[in-house]
Every structure is written in C-alpha cells, then in structure tokens.
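**Q** Once you've looked at the hints, dock chains S and V against the given chain B.
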Amino acid sequence: MTVDLSEICTRLGINPIAPPQLTIGGVNTLELARETDLSFAERSDQAIAVGASHASAVLVPPDFPELPGPILLRVSSPRTGFFAIAELFVSTPEGCGIHPSALIDPQAELGKDVAVGACAVVASGARVGARSILGAGVYLGPEATLGTDCLIEANVTIHRDSMLGDRTIVHSGSVIGSDGFGYVWDGGAHRKVPQLGRVRIESDVEIGCNCCVDRATLGETRIRRGTKIDNLVQIAHNTDIGEHVILVAQSGIAGSSRVGTGAVIAGQVAISDHVSVGNGARIGGQSGVTKDIPAGAEVFGTPARPLADTLRELAALARLPALLKRIRQQERQIEDLTRRLAALEQRAGRRDSPQSAPVIRSGDWVTVTAAPRYLRKRR
Amino acid sequence: MTVDLSEICTRLGINPIAPPQLTIGGVNTLELARETDLSFAERSDQAIAVGASHASAVLVPPDFPELPGPILLRVSSPRTGFFAIAELFVSTPEGCGIHPSALIDPQAELGKDVAVGACAVVASGARVGARSILGAGVYLGPEATLGTDCLIEANVTIHRDSMLGDRTIVHSGSVIGSDGFGYVWDGGAHRKVPQLGRVRIESDVEIGCNCCVDRATLGETRIRRGTKIDNLVQIAHNTDIGEHVILVAQSGIAGSSRVGTGAVIAGQVAISDHVSVGNGARIGGQSGVTKDIPAGAEVFGTPARPLADTLRELAALARLPALLKRIRQQERQIEDLTRRLAALEQRAGRRDSPQSAPVIRSGDWVTVTAAPRYLRKRR
Amino acid sequence: MTVDLSEICTRLGINPIAPPQLTIGGVNTLELARETDLSFAERSDQAIAVGASHASAVLVPPDFPELPGPILLRVSSPRTGFFAIAELFVSTPEGCGIHPSALIDPQAELGKDVAVGACAVVASGARVGARSILGAGVYLGPEATLGTDCLIEANVTIHRDSMLGDRTIVHSGSVIGSDGFGYVWDGGAHRKVPQLGRVRIESDVEIGCNCCVDRATLGETRIRRGTKIDNLVQIAHNTDIGEHVILVAQSGIAGSSRVGTGAVIAGQVAISDHVSVGNGARIGGQSGVTKDIPAGAEVFGTPARPLADTLRELAALARLPALLKRIRQQERQIEDLTRRLAALEQRAGRRDSPQSAPVIRSGDWVTVTAAPRYLRKRR
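Protein chains in written order, with UniProt numbering: chain B, 1 to 379; chain S, 1 to 379; chain V, 1 to 379.
Where hints are given, some of them may not hold.
Copies of the same chain are indistinguishable here, so a pair counts whether it falls within one copy or spans any two.
Calculated pairs, EDC-like style, for lysine to aspartate or glutamate (alpha carbon to alpha carbon, straight line, at most 16 Å) [unchecked claim]:
id, residue 1, residue 2
1, 192, 87
2, 291, 273
3, 112, 166
4, 325, 298
5, 112, 149
6, 325, 313
7, 112, 45
8, 291, 109
9, 192, 206
10, 291, 166
11, 325, 4
12, 291, 113
13, 192, 45
Because the hints were derived from the structure by calculation, they are not lab data. Please read all numbers here as calculations on a predicted model, not as lab measurements.
Looking at chain B on its own, in the form it has when it is part of the complex (with noise of 0.2 Å):
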C-alpha cells in the first residue's frame, strides 16, 4: 500500500510538503529504510545519519539542520508522529473471508465480516463478533464468545465457555480456559479438583504468544480492559487481574491472587497464590511476590520486599566478604586490648591495695580474667 505525503502532511497537522504528489509505501529506521519509505530522526547529531539515509521523508524535530537529501518534516516529537504514521502500514491479517478448510460447527455465530482461517475450527453455540479474524489452526472451544473487531492468531486455543471483549488480541500458540491446577489428597493420588468456572477477557486487552489463561475452579479467571501480557506468562485459575496491567514475559500469577490497577509486572516475576499487588504497584524483575503489596509500591527480591531495601541489602552483601576480614580483625585488636588492659589492672593491683576479686565471665567464648595470668579458653 502506499500513502500520498500530502496525507501524511495533514495526518501530522503540518503543511503539505512539494512535491504533493509524492507517495509513501513504507516506513523504517534511517538505516534500513528503502527509496519510498518514511523514517524519523530524534536529535540534530543524527544529521549524517539522515544524509545518508535511503528514506524519501524524514520526521524530525523543529530545531533540526537543513540538509540535501531526504524531505525533512518537522514535528515536535518525530518519534510519536512517526508511529502514528507507521499504523498505516501495518499489514492486516491475510485470510479475509471463510476459508474452506475451517470447520464452522452449524450451532457457531458469526458476526458481519468475520474472517476465519485454513484448518481453523469453531465449536458449537461459540459466537464471534463482527470483523473478528481467526487465523490459521485456531480452536475456538463450544459456548466460547468473541466480540468485534479480535484478533485470534494461528494455532491459538480458546476452550469452551470463554469470553472475551471488543479488540482482543491472543498471540499464537496461547490457550485460554484450560483447566486450572487443583488437586485434593485423597490418601493415594492426587485427584483432581473439577475445573467448573470460565475465563473472562475483557476489551482490548492483548495476549502474547504461548501464554496460559486457566479457567477458575469456580466462577471466573478475570482480565480487566487494557492489560498487556507478553510471551510466555501464565495466569493461574480464579485470579483477578486489573485494568490496564503490564505483565511482561515469563511471568508468572499463581491462583486466586489479584493484580491492581495499572500494575507493572516485570519479566520473570512469580506471584504466589491468594496475594493482592495493589494498583500502580511495580514489580521488578525475577522477584517472587509472597504476600500483599500495597498500592504504587515498587519491589524486587525473592521474596519481595521494597526496592530501596533489597537494593540496600544487595549492597550491604557486596560489601560482606571484607567486613568478616574486618570482625576478625576487630577480635585481634579486642584480644589484644584485653591482654594489655589485664596487665596493667595486676600492675595497679600491685600498687593499690587490696587485690580485688578476679572477675569471671562468660559468653560465646569464655574467658576468664584473673591476676596473675592470662587464660582463654575457647569452643
């Protein structure tokens, strides 16, 4: 596709450009870009980088150098104007229509212009919503809906009962309402808990690629509008995550816990189960959150504690290995104290009268002080 920069011009609230019948086919870095591409430059020592750049247009800051080469369109933030533009060009999913291979069940619902892909399968009595797109090999479980406008990539997996809102995005390989991780003793096995809840996924909520969504033993797994989950998270049953949460990947939320707010969760982050992180609360990476943190909090740690104080701790720990060196080395100057100090009581002791009593005490190590010698006696 390919864009008239006339249009860009406007689409950036600034004036069109000659020549206006010049047309944009794509966007890309300074380096990487082709002949009809646009890119964007940030700061003026990267003028040598925009020389020599192949891009026909380069967004740049008001302040920036005039220079031979690209058309240069001055913006105040190159870099949001640029990405605003770059949505232009993102390719819509292939596979518009009904393909078919895919195996709509007779009981499903489709929605005005819904696409579903090659070997695709939607199950009985699930709904999809209008303009949703199912790719290639995707599972869409029985009694499963989608509202508009979602995007299900290839070979994801939705089992039944499922809902998810307006503008979802689920990565592929992600399976969402699978059943959740409970077992009861029973004295020779573990038997299984029955996983009777669902998975509710609220509006524009995005899901990365091999991600797990479990459905809650009972009533719902919740993710509230907004949240963006990365790569390779698991979300345990009958937890609760809030609106507009950043979990990024590898994390981990482990059952019935409950995430505020506009939470950040780093990569590698494990939440055992029954905790609450509070809204806005941020979570650094690989830490193990073992029990409620409050709200706008930032942790870091196994377990977790405030950033200031791991932090602290981390360097106090650096600083350990020289500060046994330093213990002994007070033990030797307190020994030696000690040695002295005794001698100079006997010699005082001589001198005044009468002698006093020889103290004894005890500790860890026990030592015993008395006129006319010296004794310690250790572990």
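**A** Frame of chain B; chains S and V shown alone:
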C-alpha cells in the same frame, strides 16, 4: 444436564430431603450460584451469604444454623462433598466420534469409542486406547501409543514412539517427545547429538498447557504414575520424574535428573542436570537446585539450601545494613580504647620501670603502638 | 533400517571385525540395548555391564579388557564414535511429499522435494527451499521464506516476512515473527506501537519447543548462524543473538539486547532490554542480567555480577547469622573493656593530677568514660 436432589443425597450418604423431585443443574459458589445450582458453606459465619444466595441447595456443616432460603444439606465436610458432586457436572469433552476432517493413517489403530477432533492427525503405527479423546488439531506421531481413557486436548503434539498410560491428560499446546537439547562442539560448530530415545508417561499423569517433555538421547524420559504437572513446565531428556510428584507452573528439570516419589516442586523452580531430588522433598518457589536434595528435605533459594538456613540468612541479610553501622561504631570504640590504654600504659611505664619495648602488630590495618605517642596508619 | 558391521568399522576408521556379515539395527545404552544394537563403554570398570549387555557390538577404549559376549570395537573415543554411528539411525521425519490436506497457496513457491504435513498451511508469497520439511499443522505466513533442508516440526507458527536460513530446525509449538511487546501510554490506555519489522534466522540454527521469537518494531530481530535454543525461550523484538550461542530452557532476552558469539546462557536466565552480552560470556542459571557483560566474563546472580564475587558473597552470607552473634559478643567485650579502662583511668587520675569532670557521651550505645582528659570527635 441435571441431577435429582435425591440422587445427590444418596451420593452424599445423607437422608433424602423434600422436595424429592427437585433437580440440580450445576454447582457454583454462593455468590455466583443460579437458581438451579448447588453450593456450599464451610462455616457458620457464612449464614448471611447462604441466605442471600440464589442456590437451590447448599451443603453446610452439621452445626450450621437453620435458615430460610436454600435447602440445607448437612454433611461433615461440605467442601469435599461439594467437589464430589461437582464431578457429575464436568463437561464431557466435545467432538465425540471421529471428525470427518481428522486424518487417521490406515496403519494407526484406534480402540473402541475413541474420539478424534477436527484436523487432528494420527500417524502410521500410532495406537489409541479405548475411550481416549484427541482434540482438534492434535498431532499423534508414528508409533506413539496412548492408553485407555486419555484426554489429549486441542493442539497438543505427541511425537513418534512416545508412550502414554491410561487416563493420561495432556492440555493444549504441550509437546511430548521432541528432541532433547544435546550438542557437542566440534571445533567449528555445535554438532547435534542424535536424540534416539523416547518418552514414557505412566498412567494417571496430567500435564498442563504449553509444557515440553523431551525424548531421551538413549533410553527413556520417564514420568511416573499419578504425577501432576502445571503449565509451561520443561522436562528435559532422560529425566525420571517419580510417582505423585507435583510440578508447579514454569518450573524446569534439566537433563538426566531424577525426582523422587511425592516431591513437590513449586513455581519457576530450576533443577540442574544430573541431580537427584529425594522422595517427598519440597522445593520452594524460584529455587535453583544445583545438587542432590535428601528425601523429605525442604529447600529454598538459589542455590537451594535447607529452608530454615535460607530464611535465617535472609533475616540476617535484612539486618546487614544496620550491622555495618555497628561495625563502624565498634571500630571507633576500639580506636578510642586503644588510645586511652596506650596513654595509661605510658603513665604506668613512667612510674614503673623498666619501659618495655613498643609492640608492633600488623593486620588489614597497620597499628603501631609505641610510647610516647599513638600512631595509626590506614590504607 | 540396518547397517553392516563392516560399514560401521569403515566409518570408525578401524579394521573390519569378523563376522563381517553381521548387521546392526540400532544403538542404545548397555542396559537398554537389544540383540541387534550397538552400544558403548568409556571405562574399563564398565566391563561387567558390557558382559551383561544384550548388544551385539560395543565400542570400547583401546585398553578395555577382553571379554566373552558382545563384539568389542576398540576406538580412541567410544562416545564420539558411538554418536557418529548413531546419526545413521536417526529417523527421517515422516510425511514425505505434500499431504493432500495441506493448504498451499498458489502464490507460494516450494522447492524440490519439499514435504508438507497434514493440515499445514503455506500462505501467499511464502517460499520453501529444497528438501525442507513442514510438519502437520504448521502455519507459514505470507512472504515468509525458508532455506533448504529445514525441518519445521508439527504445529509451529511462522508469521509473515520471517526469513529462516538453510538447515534451520524449529520444534513444535514455537512461534516465529509474532508482534513485539511495545506500547506507549497515551494518558488513558496503553497504545500499541506498530511492529513492522521482521525476524531473520540464519543457517544451522535450532529452536526448541514452545519458544517465541518476536518480530522487530522496525528492522530485524536476528538470530545468527549455528545458534542453538532450548525449549520455552523468549526472544524479544529487535534482539540480536550472535553465532553459536547456547540458550538453555526458559531463558529470556528482552528487547534490543545483543548476545555475542559463542555466549552460553543457562536456564531461566533473564536479560534486560538494551543490554549487551560479550562474546563467549557465560551466564549462570536463573541470573538476571541488568547491564552489559564483558566478553568472556562469567556471571551469576540477580543482578548478575562476576561469578567469583557472587559465590564469595553467598559464602559470606551463609556465615552471617553466626557473625551477628560475634558482633554482639564483641559489643559486650568492648563494653567490659571500657568499664575496666575507665576504672583504671580513675585510679591513675587520683594518683596523678587533678581529676577532671567525667565526660558523658551518647551514641547507639551509651558509653561513659571518665578520665582527666579525653575528647572524641565524631563524623
């Protein structure tokens, strides 16, 4: 489906309660139950919630107060009774029979009442036991064998020669019997070590979504009877996972390691290769197991050590920043004592006679003590 | 298949051994070998196991004792020789030819002798090099290209524009070329940053099961020649993984990070975004890499630091609880010394010259020192 209340009473071992013609259509929590549902309460302080529930019947403990509203069924353990009844309402997986789009190789053998979903593939020489169910898009490779009453969910991949016992459940996206990760550096490249063994999974094992169980280099990767595995778990080649083990989500077992009967391995645990975890051992979340764990041990941390040791160290670590201040304070005190002691020694020396030779010591800090003045040199 | 023993001897570079007509049908360990199998032993103390093995021939080192039983083939490195022979017995993947249920877009190009499994989908503009094999249920997106002799296992998803080199292996469930994880907060919601780049994977790369390799925002996510990736690994957008890198299971590399040639990254490691790992660096299991790692460095821990430092700190940490006791003991000793010294000073003061007023100081611990003079200055 519906179940007569009288049958539910019989199954619970209690006397039928009027009206005997009542039928139950499902199970749910007190809050979520609809008018045809059965629910449960475990404590008397849930009386208000029971009264407000739409459930038509509620399992309660024997001493629960009488209430208007739902029919109360008094049993010794409402939770256990509830989940026993809940099993009656578990959806039988859809897709009974062989879907016309399933691709069954003529050399494959299917037992009685086997179900195969849409676009599933059963390769040559594969054998499937009676009543087993393969979901849509499942791939069952050549010579792979499934026992009876297995449930292989949609989009599972089971490679050649894998053997799965009776009543095995594998959830969507998991891959059984892929190549193990083995290479030798040949001086210029990592050369692949052929992975010629297989996977053997015994009866009553359940494997979550998007797990990986690799085939052995030679011999077998083995998962023994009754073991339950959560989502996104990695089982490397030649491992041997004992009976009734619990492996929580995102944990991983490296090559040739063994896990004993009844061990419990929490989420995001890593177990190194060639390690042995004893029977009944418990490994805390995110631990990194680098050496053998004795039977019954409880370990935590990276590297994993006895839980009590790790907790003691973490508690000590939390006090380390304050400790650093105490050490500095002690150093000042020792310095002060040393100076004062030297002064006393000098006065005593002047008084007594003869003056002893100054003592010179060295350590991390060089301390020179000498009459008539005290000097200290620091690094 | 079978291989004549005489051919095996030729391949091992040793003289043929009678009976030359013997054929070998497989390879296995000493314990698991059947009567037509070849096995190997590396040490003389395995003589009893060799004698008891059902193998018909066993590779042994030159100094291995003579034994009745299996034919002994003496070679300098039995293990290397064994796996070289083992390669002869690797199953050639099934499904040769284009399965009738495969869906090949007329605009796709397949090279000579390409095999495509059941229900696999090859989209418009995709190109597959000669002799490459696509398993059942594979999805190859529009304009994606595969080199020659690739093996794409069942249920792999490769999205549009991805480029894979010759002899690339991708195991089941992996997803190549999905959107990277990029959003900007627009004041009310996380707005998706278009992911317009691609994935480029060079030749001889192997990628395990259920991995994710995300497309670049702009430009390329790149995995270079000869790199081997285990299962469940996350490769984020715009990363650049060097040649011959080893990435062990469940590790993850965040956006725009670079990994140098020959680096080894152990299991469950996390590498932050925009970080550079030097050539040949080694990163210990479960480490969290938050800043650049120099070439050849060996690091461990979260955050990752030089291995020796981390081990020293861990060793010191293990001694910390005992250290706390020593500190308390020292405090008692210092207190005792202080008291005794003050007493001596007082006696000396009485004897010597006019007694000055006692000075009282306070700190974390209150210390009372009395003496004619003495002043302490604190920081």
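**Q** With reference to the structure, classify each hint as holding or not holding.
**A** Each hint, compared with the structure:
For the homomeric pair residue 192 and residue 87, the shortest alpha-carbon distance between copies (9 Å) is at most 16 Å, but the shortest distance inside one copy (47 Å) is not. When the C-alpha separation of residue 291 and residue 273 is checked against a cutoff of 16 Å, the pair qualifies only within one copy, where the shortest distance is 9 Å, while the shortest distance between copies is 28 Å. Taking the shortest alpha-carbon separations for residue 112 and residue 166, only the intra-copy value of 14 Å comes in at or below 16 Å, while the best inter-copy value is 42 Å. In this assembly of identical chains, the alpha carbons of residue 325 and residue 298 never lie at most 16 Å apart, being 34 Å within a copy and 25 Å across copies at closest.
Proximity of residue 112 to residue 149 under the C-alpha cut-off of 16 Å is restricted to the intra-copy arrangement: shortest distance 10 Å within a copy versus 40 Å between copies. Only between protomers do residue 325 and residue 313 lie at most 16 Å apart by alpha-carbon distance; the minimum there is 13 Å, versus 19 Å within a single protomer. With identical chains, the CA atoms of residue 112 and residue 45 are never at most 16 Å apart, being 51 Å at best within one copy and 50 Å at best between copies. Neither within a single protomer nor between protomers do residue 291 and residue 109 lie at most 16 Å apart by alpha-carbon distance, with minima of 44 Å and 51 Å respectively.
Proximity of residue 192 to residue 206 under the C-alpha cut-off of 16 Å is restricted to the inter-copy arrangement: shortest distance 9 Å between copies versus 31 Å within a copy. In this homomeric assembly, residue 291 and residue 166 never come within 16 Å of each other (Cα to Cα): the closest approach is 33 Å inside a single copy and 39 Å across copies. Proximity of residue 325 and residue 4 under a CA criterion of 16 Å is satisfied in neither setting, with 72 Å inside one chain copy and 67 Å between copies. Taking the shortest Cα distances, residue 291 and residue 113 never come within 16 Å of each other, neither inside one copy (47 Å) nor across copies (48 Å).
For the homomeric pair residue 192 and residue 45, neither the shortest alpha-carbon distance inside one copy (63 Å) nor that between copies (28 Å) is at most 16 Å.
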